[in-house]
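Chains as they are written, first to last, in this note's numbering: chain P, 1 to 453; chain Y, 1 to 429.
Simulated from the structure, these hints should not be mistaken for lab results.
Since the model is a prediction, treat every value here as computed from it, not as a measurement.
Misleading hints may appear alongside valid ones.
[To be verified] No more than 20 Å apart at the CA atoms, straight line, and that leaves these computed lysine to any residue pairs for SDA-like:
#	chain 1	residue 1	chain 2	residue 2
1	Y	405	P	362
2	P	298	Y	425
3	Y	429	P	217
4	P	217	P	256
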Amino acid sequence: MHPRLPLRRAARTCCLFAGAVLAAAPLILTAGAQQLPPADLVFKNATVMTASHGTIEHGSVWVHAGKIAGVGATVDAPASATIVDASGLWLTPGIIDPHSHSALSNDVNEMTSPVTPSMHMIDAFDNRDKALYQALAGGVTTELLLHGSANMIGGQAVVIKNKFGLDRDAMIFPNAHGSIKFASGENPKRVYGSRDQLPSTRMGNFEVMRMAFEDAKAYMATWDAYNAKVAKGDKDAVAPKRDLKLEALADVLRGKLYVQIHCYRADEFLTEEAIAKEYGYKIRAFHHALEMYKVADKIAADQTAIATFADWWGYKDEAWDAIPWNAVMSMRHGIKVALKSDSNDHIRRLNQEAGKMVHYGGATEDEAIRMVTLNPAWIIGVDDYTGSIDVGKDADIVLWNLDPLSTYARAQRVYIDGDLFFDASLPGLGTTHFSGVMHDAGGGGSDDEGDGQ
Amino acid sequence: MKKLLLIALLLFTAPAWLTAADALKKVIAITGGKLLTVSHGTIENGVLVIADGKIAAVGEVGKVNVPAGAEIVDAHGLTVYPGLIDPESNFGLTEISADENSNDLAEPSDEIMPHMHVADAFHSETELIPVARLNGITNAVVAPATSDSIAGQDIFIQMYGADRDQMILGRDVALAMNYGADQRRRRGKPEYPSTRMGLITQLRQTFLDVQDYEARRDAAAKKDDKTFKRDLKLEALIPYLKGQRPVVIGVYEAYDIEVIMGLAQEFHLKVILNHVTHSQEVLDKIAAWKVPVIIGSIYDFPLANERYDAVYTLPAELAKRGVKIAISSADAGGPTSSHSARNLPYAAGFAVAYGLPYDEALKAITLNVAEMFGFGDTLGSLDVGKTANVVLANGDPLDVRTDVKQVYIQGVAVPMVSRQTKLRDEYSK
Chain P
1 MHPRLPLRRA ARTCCLFAGA VLAAAPLILT AGAQQLPPAD LVFKNATVMT
51 ASHGTIEHGS VWVHAGKIAG VGATVDAPAS ATIVDASGLW LTPGIIDPHS
101 HSALSNDVNE MTSPVTPSMH MIDAFDNRDK ALYQALAGGV TTELLLHGSA
151 NMIGGQAVVI KNKFGLDRDA MIFPNAHGSI KFASGENPKR VYGSRDQLPS
201 TRMGNFEVMR MAFEDAKAYM ATWDAYNAKV AKGDKDAVAP KRDLKLEALA
251 DVLRGKLYVQ IHCYRADEFL TEEAIAKEYG YKIRAFHHAL EMYKVADKIA
301 ADQTAIATFA DWWGYKDEAW DAIPWNAVMS MRHGIKVALK SDSNDHIRRL
351 NQEAGKMVHY GGATEDEAIR MVTLNPAWII GVDDYTGSID VGKDADIVLW
401 NLDPLSTYAR AQRVYIDGDL FFDASLPGLG TTHFSGVMHD AGGGGSDDEG
451 DGQ
Chain Y
1 MKKLLLIALL LFTAPAWLTA ADALKKVIAI TGGKLLTVSH GTIENGVLVI
51 ADGKIAAVGE VGKVNVPAGA EIVDAHGLTV YPGLIDPESN FGLTEISADE
101 NSNDLAEPSD EIMPHMHVAD AFHSETELIP VARLNGITNA VVAPATSDSI
151 AGQDIFIQMY GADRDQMILG RDVALAMNYG ADQRRRRGKP EYPSTRMGLI
201 TQLRQTFLDV QDYEARRDAA AKKDDKTFKR DLKLEALIPY LKGQRPVVIG
251 VYEAYDIEVI MGLAQEFHLK VILNHVTHSQ EVLDKIAAWK VPVIIGSIYD
301 FPLANERYDA VYTLPAELAK RGVKIAISSA DAGGPTSSHS ARNLPYAAGF
351 AVAYGLPYDE ALKAITLNVA EMFGFGDTLG SLDVGKTANV VLANGDPLDV
401 RTDVKQVYIQ GVAVPMVSRQ TKLRDEYSK
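Generate coordinates for the entire structure from the input sequences, incorporating the hints supplied.
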């Protein structure tokens, strides 16, 4: 059994399948037992969009103990496996949103300083926010919850699995890589400029970053000097004071945190890459990145991905040159491209945003589905665990009534770690683990939320 | 080099309207396409003839006479449908949302601003129009933003033309009204009106003032009293209080709908309800009132503990009750406005995903909108005699994957170019 699976999962899984799929009486009676055999589950006869190795017509996917154990025209599941007849349905990996501000009770921006790397979004995570439920019903199984874009260096992100209804800890993605949010451009300019503070320009933007990293380098050197003394046996060495802000920045310089940067303009991508090289860290992804099509050939060499909108534009000056072909044009230059929501609205239909890429630039269906599954998984750093239908990965699976890239597709069922969390055919909410009252943070769940605009 | 190309493109696109007069006279036969007529079903292998900017013939291949000398457009494999009509937009009232200098969205100095004419602010060269047009939107209602109880008067536009006057097909076609929490901007301040009670009373007093003004104005006219001073604000409301033109009432919550409809009935307004996205409890009443409804946004959020599709299913629920519906491009509280109007067909498609019959969905963004705003005789379907606003696409118009290949407005093949295609082409070299 995978260590990341809570013990109670097996019991729950059996209950659900018994209720929703077939009346397997012997299975439910063992609910609550500690030594339950791992559930085997087979989805049969689906159109399986793997996101990693094409689409399998009339394919099967075998789930064992919450992990994908087999995928293909046939699978070697045991005879005891629960069978889900997915005839006429499409099966995809769970949708992954690499840029969400959902479920943070509107505590998105600690905009009291342009450098706040020791903020942790996990401290604001409200696991009963209705936005999580509405995203789940749209097939979203994993989200990167990011700090807003008021600050040049914002807080550290939290990766969640959208197991709506479970407790807070059970929704944190286990072993996920850490990420930190940076931002440049209009938002920090506006927020601090309106207070007559640094930074009110892009000159100020980037100098604030450089100054912060100089602070971090000095801090690291102080600790190195102390550690060297200790190593030499100096008993009088006095440890420097631990500073959470500088430690977080040091973690950036040590490459321990993936750097996720909110920025829009082509010149900013170049500046950000230059600063990253100067201080020796890598940029995992540019977020928004609406002008990437202008410099994609250059940025591709840096192996920085983008998490972009399908077709948003014109809402501010730095979004004026946005074009809906950005994603596909950047992809053709070798950039890994994800689509993201930055919105409690669009997160509910990222599959359609992917569908638009067939229209805008002629992405293949395979390329399009990858933009909302495997590619965002890579950006977040969870692609070893999820994002495609491959053996060994978490069984994060969505069944759709139609091709998920069409306008008409609805998520019928959503499984996370092999466990059913949403079933549209159920009366009421369609949830399987949730009871009680949802919270409503208000607002639209965007970057700019509460930044004073 | 890139600049040169841009100039070349501009030169290429600019003359389109210089020759528009000639284009209007041109006869075009679009043959072999699948025609979605909206008014009389689907013709699988159809012909549509355009002459003098109007639809001259529609029918099956072989049964329609293609005039000699007509320009033949081969539409095999393409879907042909009437231009889409957005029932609520702010085209020409905004360019860059965050740039206040580019916004002429509403006049918030007072709640009652019926004398604000969208026609006076409409910037016909806006970049938003070509962007939306490329996805098959050929007409739109342009309305002020929703901050006022009475925000002003809408225009009905065509999305192509040499100038503002060609593009505005109708001025002051409807009155934009709003009721609910958003208009309580004096809430918490010692100023009237700060509550819903205040908003409704203010509206009722205004309507009474209009009736009083009209009587005094008419009396003065009879006496040929030259000293009578016109009151533009009150005068603007007269046609609406006579029920001569529609009043579009933006309202979300069921309890607000009941209150505002009570007032509207008291003064016999010709109502089109707008938004109604949290009104599930009063759908039967809406049907009984026999008022048409603009649904926007279908993406508005359900309340906490409501089923996820509570709003997605609204178009289907209203249509099922016999309500005439339109679907608008409005976003769910997002930062964009008519920037995303190009997604109008997808909103209609999403309504289909949640139960609305396909034909009703297509009507909700074509013929129904035309009829609601007084253009049912000239727009909204592929019928002989109507304006030739016609779209050719490589598939189902409501599917996000479909690519629009050509848009005709008044029979003119509109250049399939926007600022965005120019940027795409410039950086694709």
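A quick look at each hint next to the structure:
Our distance criterion of 20 Å between C-alpha atoms is met by residue 405 of chain Y and residue 362 of chain P, whose separation comes to about 14 Å. This hinted pair checks out: residue 298 of chain P and residue 425 of chain Y have alpha carbons roughly 18 Å apart, not beyond 20 Å. At most 20 Å may separate the alpha-carbon atoms for a hinted pair to count; residue 429 of chain Y and residue 217 of chain P exceed this at roughly 43 Å. Taking the CA atoms of residue 217 of chain P and residue 256 of chain P, the gap is about 15 Å. The hint holds against a cut of 20 Å.
This entry does not satisfy hint 3, going by the numbered hints stated previously; all others are met.
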